[in-house]
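J.: Protein sequence lines correspond, in order, to chains A and B.
First residue of the first sequence? That's 1 in the working numbering, and the numbers climb one at a time after it.
First residue of the second sequence? That's 1 in the working numbering, and the numbers climb one at a time after it.
Some clues are possibly wrong.
In the DSBU-like style, the derived pairs of lysine-lysine whose C-alpha atoms are separated by at most 35 Å in a straight line are [unchecked claim]: (1) B:K122 with B:K149; (2) B:K149 with A:K63; (3) B:K122 with A:K70; (4) A:K63 with B:K129; (5) B:K129 with B:K149; (6) B:K122 with B:K185; (7) A:K70 with B:K185; (8) B:K149 with A:K97; (9) A:K97 with B:K185.
Covered stretches of chain A, going by a simulated chain B footprint (3 or more residues, C-beta under 8 Å) [said to hold, decoys possible]: (10) 20-34; (11) 40-54; (12) 59-68; (13) 77-85.
Think of the hints as simulated: they come from the structure by calculation, not from any bench.
For every residue, glycine included, the Cβ atom is placed at its ideal position computed from N, Cα and C.
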Amino acid sequence: MSDTTHHVVPVRVYLLVFASLLVLTYLTVAISYVDLGVFNALVAMAIAVTKAMAVILWFMHVKYSTRLTKLCVGGGFLWLMFLFALTMMDYISRNWKF
Amino acid sequence: MSSHSAHATAGHPAALLHQFDTADQQKDASTLGMWLFLITEIMFFGGLFIAYIVYRNAYFDSFVAASHTLNIPLGTFNTTVLICSSLTMAMAVHSAQVGNRSRIVLFLVLTLILGAAFLGVKVIEYADKFEHHHVPGPSFQFTEGGNPKNAELFFSLYFGMTGLHALHMIIGAGILLVLIFNASKGWYTPEYYTPVEMFGLYWHFVDIVWIFLFPLLYLLGGHLPPGSGGH
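Starting from the given sequences, assemble the full structure and let the hints guide the process.
T.: In structure tokens:
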């Protein structure tokens with residue numbers, strides 16, 4: 001059976017994740033004032049994805065979950081990427097007028 | 001293993017439903033079910049996110065002008081509040097795992113207070129939008145640059161997305177009240193605290209939605225001078 005179900009995450013880990021989330025929040029605000037051209041959006045999204053990963057892995061305990069849960073979570077985000085990628089492929093490659 | 005013996009040896013037999021062999025198996029099933037629900041939530045917020053991305057690319061100048069009217073300090077403050085509430089929620093689950101009953105109640109109450117603070121700031125922000133006629137509808141006005149029709153689209157997405165996010169928090173606050181009541185009765189023990197943990201997943205999910213909403217809505221074009229309309 002799953003011996004990981006009752007894994008108790010040390011408070012120290014939660015505090016570390018919490019501090020990282022705060023630092024990344026202030027970093028993304030600071031960077032938004034610097035002109036990086038097209039990279040502004042990319043950096044902002046990279047930071048947001050990093051923050052989301054930290055929340056999912058540690059706060060939501062997916063790091064310590066069963067393989068079935070990990071597969072399910074990963075599959076969900078894979079399909080979200082399909083949604084984004086396939087939609088944007090159409091909007092970027094076709095000369096549609098708004 | 002024999003399901004009969006598992007029933008007999010479970011710490012809280014009442015909490016173990018008869019279709020499960022063990023408490024662990026029951027908890028794994030709850031976790032999987034909760035994640036399946038959250039994936040449907042991710043998909044439905046995903047539709048709004050892709051709508052935002054498509055129109056942001058199409059009407060970049062107007063979206064930057066509209067984004068400039070949002071209050072970045074208030075947005076940053078609210079992001080901080082929400083991250084704090086995620087920590088207190090994680091600590092509530094931790095307290096349940098180690099069997100500290102009074103701490104479960106304390107951290108759930110703190111989570112509720114932080115959630116209310118977030119919604120309070122949101123009310124201030126929404127009121128400001130009403131005052132400036134930035135709410136989509138017949139009285140919508142936008143003179144801060146770009147095309148007003150396209151700026152109105154930005155605000156439609158802004159109110160749609162932050163409104164749905166706020167609705168999730170209001171529902172979360174209601175569930176928190178029930179959890180606080182039950183926790184104060186001592187219902188949650190290291191053997192059975194599944195409701196606390198499943199609600200934690202929901203609360204963290206709401207936090208993740210905000211983690212993406214904040215940079216997309218507030219920080220778009222922060223590096224561009226106000227009214228410049230972008231590239």
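J.: If a hint holds in the structure, say so; if it doesn't, say that too.
T.: Results for each hint:
A hinted pair counts as satisfied when its Cα atoms are at most 35 Å apart, and K122 of chain B with K149 of chain B qualifies at roughly 24 Å. Straight-line distance between C-alpha atoms of K149 of chain B and K63 of chain A comes to about 45 Å, which puts the hinted pair past the 35 Å bound. Restraint check for K122 of chain B and K70 of chain A: the C-alpha separation of about 34 Å stays at or below 35 Å, so the hint holds. Only pairs whose Cα atoms come within 35 Å are accepted, and K63 of chain A paired with K129 of chain B is rejected, the gap being roughly 41 Å.
For a cut-off of 35 Å, the pair hint linking K129 of chain B to K149 of chain B stands: about 16 Å separates their Cα positions. The suggested pairing of K122 of chain B with K185 of chain B holds, with an alpha-carbon distance near 33 Å, which does not exceed 35 Å. Our distance criterion of 35 Å between C-alpha atoms is met by K70 of chain A and K185 of chain B, whose separation comes to about 33 Å. For the proposed pair K149 of chain B and K97 of chain A, the alpha carbon gap of about 16 Å is at most 35 Å, so the pair holds.
A hinted pair counts as satisfied when its Cα atoms are at most 35 Å apart, and K97 of chain A with K185 of chain B does not qualify at roughly 61 Å. Counting residues of the region 20-34 of chain A whose beta-carbon sits less than 8 Å from any beta-carbon of chain B gives 9, enough to reach three: the coverage restraint holds. Closer than 8 Å: that is the beta-carbon criterion, and the region 40-54 of chain A has 8 residues meeting it against chain B, so the requirement of 3 holds. Here's how the region 59-68 of chain A fares: 6 of its residues keep a CB closer than 8 Å to some CB of chain B, so the rule of at least three is met and the hint holds.
A stretch counts as covered by a chain when three or more of its residues have a beta carbon under 8 Å from one of that chain; for the region 77-85 of chain A and chain B the count is 5, and the coverage holds.
In this structure, the earlier hints numbered 2, 4, 9 are contradicted, and the remaining ones agree with it.
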